[in-house]
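Visitor: In order, the protein sequences belong to chains A and B.
Under our numbering, think of the first position of the first sequence as 1, with each following residue one higher.
Under our numbering, think of the first position of the second sequence as 1, with each following residue one higher.
Derived by calculation from the structure, the hints in this document are not laboratory data.
It cannot be assumed that every hint is accurate.
[To be verified] Think about it this way: if two alpha-carbon atoms lie no more than 20 Å apart in a straight line, the pair counts; the simulated DMTMM-like pairs of lysine to aspartate or glutamate are:
{"id": "1", "chain 1": "A", "residue 1": "281", "chain 2": "B", "residue 2": "270"}
{"id": "2", "chain 1": "B", "residue 1": "26", "chain 2": "A", "residue 2": "283"}
{"id": "3", "chain 1": "A", "residue 1": "281", "chain 2": "B", "residue 2": "25"}
[What the hints assert, rightly or not] Covered stretches of chain A (chain B as the covering partner; in silico rule of three or more C-beta atoms under 8 Å from a C-beta of chain B):
{"id": "4", "segment": "116-123"}
{"id": "5", "segment": "151-162"}
This structure is a prediction, so every number in the text was calculated from the model and none was measured.
Using N, Cα and C, we set each Cβ at its ideal position, and we do this for glycine too.
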Amino acid sequence: MTTITPTTAGSDQLDRPSTRLSFAGVLRSEWIKLRTLRSTVWSYLFVILLTLGMALVMSLTIANGMGGGVDVQGVSGPAATELFVQSSVFGVFLAQLVVAVLGVLVVTGEYSTGMIRSTLAAVPTRLPALAAKAAVLFVATFIVGLISTVGAFFVSTAVYSGYGLSASIADSAVFLPLLGAALYLSLLAVFSLGVGAMVRSSAGGIGIVLALILVVPVVLQMIPADWAQSVVPYLLSDAGTSMFAPAGMTGGDSMTTWQSLLIVLGWVAASSTGAAMLLAKRDA
Amino acid sequence: MCGVRGIRSVDDMITAEGLTKRFGEKTAVDRLDFTVHPGRVTGFLGPNGAGKSTTMRMVVGLDRPSAGSVTVNGRRYAEHRAPLHEVGALLDAKAVHTGRTAENHLLAMAATHGIGRQRVREVIELTGLESVARKRVGGFSLGMGQRLGIAAALLGDPATLILDEPVNGLDPEGVLWVRRLVRNLAAEGRTIFLSSHLMSEMALTADHLIVLGKGRIITDAPVADVIAGGTRSRVNVRSPHASRLADLLAGPDVTVMRADSGVLEVTGLEASAIGDLAARHSVAIHELTPKNASLEEAYMALTADAVEYRTEALR
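Whenever a hint applies, use it, and build me the whole structure from the sequences.
Guide: Structure representation (structure tokens):
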């Protein structure tokens, strides 16, 4: 039909655009994607408000002696510190549900909308896209987690100081649990991301992670067999909460903090490996 | 035009060799061999389900070929250092997260390759999305979604563009815009691979056609040849002496088919020539109706039974 005449002449024949695909670029891309969705912003705000709110409720409850009738007047030293930690991390037990759902949605949202095809067309080697997603989600969740637990500590301090109790955030018995809680939330988010990437469905992914956190521990505890009881500490949520919660809050698991961290890392590694293998193999 | 970068080298092409995709028992794409050349618009035509989209998805590595290979500019798409600068693809107008704004979507895509904000602004202007760039994609019409998809495809100012059904859902003005855009991009020396299930659209936009049916290539030829081959006019002749007339009409370039009793379908002769011939031999004619096959008919005939046509085309 039409004769084709090139409209520009050819001295600049090799003038290809000079930018190229890089992991730093993919990280920046995933960061833009994470912060430009309302669901992310709302989820993180919810995590912060939940943790601060629960800290307020918990510290008021304890301070007024309603939580089992402890008389806080005169409590000091490690016992006082534990009260601070207990109220600061209480909200994390609820916030973990929000974070797990967010982790799933970060990737299943791309599958449900078709966005994943744009993502993988831009990053056809695929695995860097998943790695960047995980890295960005980890860092963002860790920071939000830390803001939440440190904020919750100061809320608790505001309440307890009226009852003559004090604790310092510089005390490792305080800041280690606060860090541990933030770390658990961020690792849980990455674990959930892996689950989402494997099942590629929001409903399926959310169902699996919530069942793992809420249902499986309860079911195992109801089984009247020794093996069932001995499995419980190895569950993601049990090991995870042992990373930061005082023994009194988790039912006195025998694991040390470091053992718990290793178990959680194992869960994250399993889910990430599965996600990576399937992503590399499957059609998008 | 969108940041013209001059003529591309001649190896800016898409090459498929024995490209095959099976989904379970079903073979969606069956041993395709084709080359899409730069500087022209190559139309990829076929009915829905013929395997067009699957083929295009394999070009950019979204689907893995079951056998064979497809390369862009001599390499598999994933092996390029800057894939978005090699190939821009509109594969699915809604390959965008509905919760994000158009601008943020483009910024995120651009970031992977370090493409700057300036280029994002350029493609937004080029595709006429200025007024909705800050709106979330969930509220976009199909047409705006297509424009956004095209904007994303153009981000890397690629040498090769793959557009799967780009005029789907566009209003007449939008259709015209896409047509001009791809013609201009081809004129700049780019490789354009454009799919459609509408022959009429292809006739207006493409220079070359690859027609696909049931996962196989039916025709790979310049668009003019395909049209010429598919639109030979046909004349319906009704006569009480149909058999005798059929004998008289027989000739090297003439096909005569008996429809029902007394009706002949003649291809290769004008109605006037048939009338004259009948008069010379005193054969009565009761009806003489020229039937011009439309492009769509030609295309339907072409794809109606892909396998049968394939054997004929191979002769």
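Visitor: All hints are to be evaluated individually against the structure, with a verdict given for each.
Guide: Now for the hints, and whether the structure bears them out:
{"no.": "1", "hint": "A/281 to B/270", "in the structure": "59 Å, violated"}
{"no.": "2", "hint": "B/26 to A/283", "in the structure": "16 Å, holds"}
{"no.": "3", "hint": "A/281 to B/25", "in the structure": "19 Å, holds"}
{"no.": "4", "hint": "116-123", "in the structure": "holds (count 7)"}
{"no.": "5", "hint": "151-162", "in the structure": "violated (count 0)"}
Figure legend: structure checked against the earlier numbered hints; hints not met, in rising order: 1, 5.
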